[in-house]
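Here the protein sequences line up with chains A and B, keeping their order. Position 79 (the first sequence) corresponds to 78 in numbering that gives the first Met the number 0; numbering is contiguous. Position 289 (the second sequence) corresponds to 288 in numbering that gives the first Met the number 0; numbering is contiguous.
Heads up, some of the hints might be wrong.
Listed next, the in silico DSS-like pairs over lysine-lysine satisfying Cα-Cα at most 25 Å (straight line) [to be verified]: (1) B:Lys446 - A:Lys51; (2) A:Lys79 - B:Lys448; (3) B:Lys934 - B:Lys976; (4) B:Lys924 - B:Lys960; (5) A:Lys51 - B:Lys450; (6) A:Lys82 - A:Lys25.
Calculated from the structure, these hints are not laboratory results.
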Amino acid sequence: MLYINCPHCGLRSQNEFAYGGDATVKRPELNKEISDQEWDNFVYLRKSPRGKHLELWHHISGCRQWIKVERDTSTHEIFKTYKANEAIE
Amino acid sequence: MSQDFRLDNVGMVNREKKISFKFNGKKYFGFEGDTIASALIANGVHLVGRSFKYHRPRGFFGVGVDEPYAILQLDRNNERDPNIRATEQEIFEGLEVKSVNCWPSVSFDIGAINNFLKMFFPAGFYYKTFMWPPSFWYKIYEPFIRMAAGFGEASIKHDKERYEHKYEYCDLLITGSGPSGLASAYAAAKNGARVILAEDKPRFGGSLLTSDVNIGNQTGIEWTEKIIAELKSMPNVTVKNRSQVFGYYDHNMLVMSERISDHLPKTQKYLPKQRLWYIRANEVLISSGSIERPLVFGNNDTPGVMLSSAAKEYMKVYGVLVGKKPLIFTNNDSGYETAIEFKKNGVNPIILDTRSNPSSDIITEAKNLNIEIRFSYVVVAAKGYKKVKSADIAKISDDKKELFNIENIECDCICVSGFWTPSIHLASQSGNKSKFNEKIDAFVPDKSKQKENTIGSANGIFTLEETIKDAFDKGFDVSNKITEKNNKVSVPTVVEKKSSDHDKFWCVPLPKGKSYKRFLDFQNDVAVSDIELALREGFRSIEHVKRYTTLGMATDQGKTSNLNGLQLVSDIENKVVPQVGHTTFRPPYTPVSIGAIVGREVGKHSKPTRKSPMHSWHEKNNAVFVDAGVWLRPRYYKQGNEGLFEASKREAKNVRQNVGVCDVTTLGKIDVKGPDAAEFLNRVYTNAWLKLPVGKARYGVMLREDGIVMDDGTTTRISENHYHMTTTTAQAANVLSHLEYYLQLVWPELNVNVVSTTEQWAGAAIAGPNSRKLLIKLFPNLDVSNEGLPFMGYKEADLFGVPAKIYRISFSGELAYEINVESDNGYFMWEKIMEVGKEFQIQPYGTEALSTLRIEMGHVAGSELDGRTIPYDASLEGLVSKKKDFIGKRSLNRSAFTSTDREKLVGVVPIDKTTSIPEGSYIVKDPKAKLPNPKLGHVSASCWSVEYDNPFSLAIIKDGKNMIGQKLFAMSPLKNKTIPVEIVSSHYVDPEGKRVRS
Ligand SMILES: [Zn+2]
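Use the sequences and the hints to build the structure in full.
Below, the structure written as structure tokens:
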């Protein structure tokens, strides 16, 4: 079970969190004309990298904040965690 | 039976307390502190089971977790526990155990015929034999394998015992209380670290209990007792016996199973049987010790052949002799310690040492005691079937290839020592890649992967002096890292006998003309010949050899067999062991009961149960409840002999004719507040929200980004910047997460806050033509006329002194209102509604009537919004704004979503107006068409229309509305029904929606 450092609450066990997928995906702006391809990329296409991955976790049984977690998908090492709108280093 | 093999005044069992127990129906006596194994051996019992494949007689091989043979079935307090290791289970008054894997009895076992048919059971037997034809698998092969294989039998009864889970955090977890565990725990605890010391056995001390050493002028046992007493007195230390750390998981989380009541006749009140600890440790010191390796020779599985360290422990801890004519077969000094112990207890052992001319203190001591020692000698084969009666022994050449002077000598047990294998399981589970240590011929942990270090003999350190010094250092270093304190305790002086090097010999060659089985894996019956065969057949990877031969795959996970298996493969392949590598160690280190893993989350406790504030009223009024997510909701209120069908029909009819009241507390409620709330809702919902006036409600549908309907509900503008959103019961939590996602991550610039208020409000839906009359009486000071409180209007008022919120919304299609009060007033509200409603023939209605009402109105719910429907499919196109953008809108342009072929919502009525259509039925054109019959769609929900008194269903079918008027068929292969039906509008009742606006 992972041990995730919530930037709001501190170290908490994984079972307090819900996984939220790739944190690098950016939703297209509202009312903007975009191609089918761009929309398809946003809705469906995700990379599944082996290694460092920036991902979303929702501290669902804690502060209810969405956070960003930089995790190695093969070793589970967590390098850094960020608040929802913190700049990513 | 008397305890013929019990020594007087030796050991640590409590002679004051005699305990009786039954083994295979026969009564025996032991003492408090005995295990089943020690008590049976004391009684001279050595035959306890049959082996897995050949059903060969099985005795005891070890004295702890490594035991491959003595697996028994236990009956305790009317509960059955399969696969108990007799070497670990302590006896208690009334204990009953029996042998497994034998029929009709352990002494006469029919399956033993496999032993004589063993040429038919080579490596890979199952793969080779039970392959073809496939049709044989289910009826012939599987029942045969099931009958012949397996150990204990699990109970099919509900386990009434209680198991608990506990979460714990510590600075340092130490897994084992041998010398290294004790020393490191002491050093770390004295330096202020929060320490958990876990010991698998009932007694602390590990090897100190049986070794002849001196630490700080005390015996091993005295020193152990002193350290444990001091640790127990310290507030920063938790000391646990009967506790096995069996799994090392990510981010330094380890799991330990504590056997709290297994050694007692009955679980004590307020205590669980077992407790599973989830321990998040800052640092871990693995001190799990080492396990003695067997030597491999002919018939080395005969009862009476056992590890020499086990024989010593049976003597020193339990005061039990494993035999009275012992033969010690060793390649190192450990065998001598056992021999000396025998000698001290008046028994004359013979030592066969594979080494030609070793010398050390301990060998000198054995010589001085006049123990018979034969150098360059080996056991060729054990003789005897159910117990060792003698052994063929021989002199072996220096190159260990040839045997001379084979002779038979009498003995009643053979104690083997093939040196020691560190228990690297936990380190390996942590991700530590092991390395091969040539000096000890075994793998030891390499670089730490997580925050773990291995100490003592688990790390290949076999002298006590070095172990103690290293463990004191490690305990201090690790604690210093955490506490930054410098309280160093002094390391005690250690006196021990120096031992000489071991002989790398491990397997006795077969004498000419003999084909003895030489076993490697004692639990799975894997012999040297099986590995040889697997290699001849082309298996190379050790992982493949393991799976093909089942070497190391039994419940003991090869604790005694792994290394010898690797030795054999490397010998045949002419490789060195590290090149062959070892198989992966996975948790659990020892078997863990399913009960402990599940914990208390069984039955009703597997999820929380939520009840509305009106729950006790429903109970008092004969409600029959149904699970709705985690909520319990009244399904119907039973009157007299009514069943579900009659009751729900009566309740629904009463809503259509008079007035009904339904508990809607379970609906999700979310407060949406802030200056940008309107803009936010406008983005979340598919319809327009910017112009909703204060005091008005609106129905809304929200989508996922892929265009699929996520949820629906009404949201009311309470004040300028405050909205009250409702969600379906099932989706409440998901909708909140969804809203938080967009507010926190996508549109943080919106000044909006959301919070769940589901539990703050109790809700009652009042529906039916009499509902306004009822409302007038409930709120005499409020204008509830159609003008004063129009459809989709909202008012706040006082309900007999309690503040209430009134929403004029309807799910039933009738004139209806929903009243919300603070949860604490819910019961009061409900009682008032029932009391005042009496004169209007009010009746409560449950979820079944609620479904009937919404289905015949054509209102969609979860069965239509099933994660596959877009708004157009569910006749919700009127709610999809063309003008503004919203979540999921772009997806609605997908060609698949705009295709005319899409399945859409319609109504379905059986032609005979009497046959109910099973939910899930397919709608087809021709019921006799060739299978698979092309399906037009499926029936999503069915009810008995109370308006027309005939069955009615909703269906989602291709070309939806254009099919209205067509006569088709509803087929349910599951219910074996084919029903002629007519497609009608989904709005079966009041299609113009006059009633809700009346
Ligand atoms: Zn948090």
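Holds or violated: Lys82 (chain A) with Lys25 (chain A), Cα cutoff 25 Å? Measuring from Cα to Cα gives roughly 16 Å; hence the hint holds.
Tell me if the straight-line CA distance from Lys79 (chain A) to Lys448 (chain B) falls inside 25 Å. Given pair Lys79 (chain A), Lys448 (chain B) holds - Cα atoms ~19 Å apart, limit 25 Å.
Need the status of pair Lys924 (chain B), Lys960 (chain B): alpha-carbon distance at most 25 Å? holds (16 Å)
For the pair supplied as a hint, Lys446 (chain B) and Lys51 (chain A), is the alpha-carbon distance within the 25 Å limit? Within the cut-off at roughly 22 Å; holds.
Can the restraint linking Lys934 (chain B) and Lys976 (chain B) be considered satisfied, given a maximum Cα separation of 25 Å? holds (15 Å)
Pair hint outcome, Lys51 (chain A) versus Lys450 (chain B) [Cα-Cα no greater than 25 Å]: holds (21 Å)
Checked against the numbered hints above, the structure violates none of them.
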